[in-house]
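Order-wise, the sequence lines are chains A and B.
Residues in the first sequence are numbered consecutively from 1, following our numbering.
Residues in the second sequence are numbered consecutively from 1, following our numbering.
Check the hints yourself; a few may be wrong.
Straight-line alpha carbon distances no greater than 25 angstroms define the calculated SDA-like cross-link-like pairs of lysine to any residue that follow [stated by the list, open to error]: (1) A:K143 / B:F62; (2) A:K143 / B:S67; (3) A:K248 / B:D65; (4) A:K143 / B:D65; (5) A:K143 / A:N204; (6) A:K248 / B:F132; (7) A:K94 / A:N80; (8) A:K248 / B:I47; (9) A:K143 / B:I56; (10) A:K143 / B:H51; (11) A:K94 / A:N174; (12) A:K143 / B:L224.
Since the hints were made in silico from the structure, they are not lab data.
What you are looking at is a predicted structure, and each value in this text was computed from that prediction instead of being measured.
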Amino acid sequence: MSRTFLANRRRFLTLAGVAASTVPLAGCDVLDGVLSGDSAVRQTLASANSLSYRVQRMLAGDRLAPEFSATEIRQGQRPNGSTDPDGADYLALKATAFATYRLPVTGLVEKPLDLGLEEIRAMPSRTQITRHDCVEGWSCIAKWTGVPLATILDQAKVKPEARYVVFQCYDAMNLGLGGPTPYYESIDLLDARHPQTILAYGCNDQALSVANGAPLRVRVERQLGYKMAKYIKSIELASTLAPYGGGKGGFWEDVGYDWYGGI
Amino acid sequence: MTHAPEEIASGAAGGGRLIYRHGLLTRLTHWAWAVALFFLLLSGLQIFNAHPTLYIGKQSGFAFDNSVLRMDAIYGPDGQPQGRTTVFGHSFDTSGVFGMSGPADSPAYRGFPAWATVPSYQDLATGRVVHFFFAWVLAFTLFVWLVSAIAARRLRRDLLPTGQDLRHLPRDIGDHARLRFRHDGRYNVLQKISYGGVLFVLFPLVILTGLAMSPTMNAAWPFLLDLFGGRQTARTLHFACMLALVLFFVVHIVMVLLAGPVNELRSIITGRYRTRDTAPPAEIAAKEARS
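Bound conformation, chain A alone (with noise of 0.2 angstroms):
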């Protein structure tokens, strides 16, 4: 009999006592303290989002998610998360509304790239009216104008062990546990050779506003919000996410949401 049986079976029972004992009850702290962190049963439960995972990419493919007319969009894309930040370094760009920005694009590519706003202005855009899906439940329909990813990547050659492409960003967040965190956030290059997926730096027919994302904001659109990374610092291609924050590939995914926002 094998270990990861033995380990397996004795995962199965504990769940099975936990599920058990927590029936009859129509309170559920109970359940509090074996579902927090990363916890055994915590972790056996996640187990599933990666079977969500792969059956996602297998009936997705590279379909694209859907797209609306113009007559769909019937408010202004609703601003989440950071919408305005703070930091010293994203006020002095703001200041010269972001003529002095530049978006580096570095790690596992043979042709690091460090482009100017008007340079990215200037390459073959993409407009597309998407709906924006939050995590939390809500939907909002907006246009959004920018570059597609694919052809930044192009021109900085990435090299073959590149898995990711990790976004960190200006904005940082405080959930109340040791300070402002920064914001990053990863997506893998099946996503990010998807012809949807967009550097936006335009969005409802003006410039993409501070609330936004401004300068640039990436749009991922088969995945719920907290993938679409805002105020753009740097683009990173790596074979690995260990390295990146907490190691789980984003700012929420640290806190234990799921890496692939598909669901």
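Based on the hints, put chain B in the right spot on chain A.
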């Protein structure tokens, strides 16, 4: 599902026969669904609480109003905060349950109260982890049950209402209203309709409306959005399915209690069920054959 009332022992006590009513797979899937639905409900309410408003349409109206249900907190006429629930434009003071709940000196402003969510505190990330795990359990057990029920040809025998069933519908409703139940080991027409409705309408609908909320599944299967009329309508329908399943659960438990909880529970745990019909099985079979 019910097995053909195969007699195990002629019961002296109570005058009924002991039959083998529920196969092992039916009993296992029943309890898997019970556990899964319990966690799906409480984690679903946790997820709902992250944005306790439901809408009709493709998006959520912030600059316009397409909401059909909203739970929030406001300052009442007395200057004190109160929980408010708005359903189709009609507002109700729901302090203590929806919108505002918890201890009076430090109330929590949340949609559903702590006792109705898992975890009890606000934690969307954990709610999602629990919800998606048990969503897989529900979908997987439904699939296993369906395949086995089709293979064993049990759907038609146990769940499809017969012509005779439908003719007896008014009488069955009357009998239920007078709390007079048949105990012959087969499902009556109201049971067939409610179990069939859960298995073939509510379960598929709750799974598909759940998938319709996934931006990746919207790319994979865009027809789901057309079918349900947009992502926010799908979210509202998902919530409505939940209400229907809770209603089913309440009625189910009441019926079990009224019909004899010991016998009913024994049949869904061990499979053994004591009928109260003294007619021998051959006679029942003959009666069915004539209809």
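Fill in: Violated constraints from the hint list, given by number and in increasing order
3
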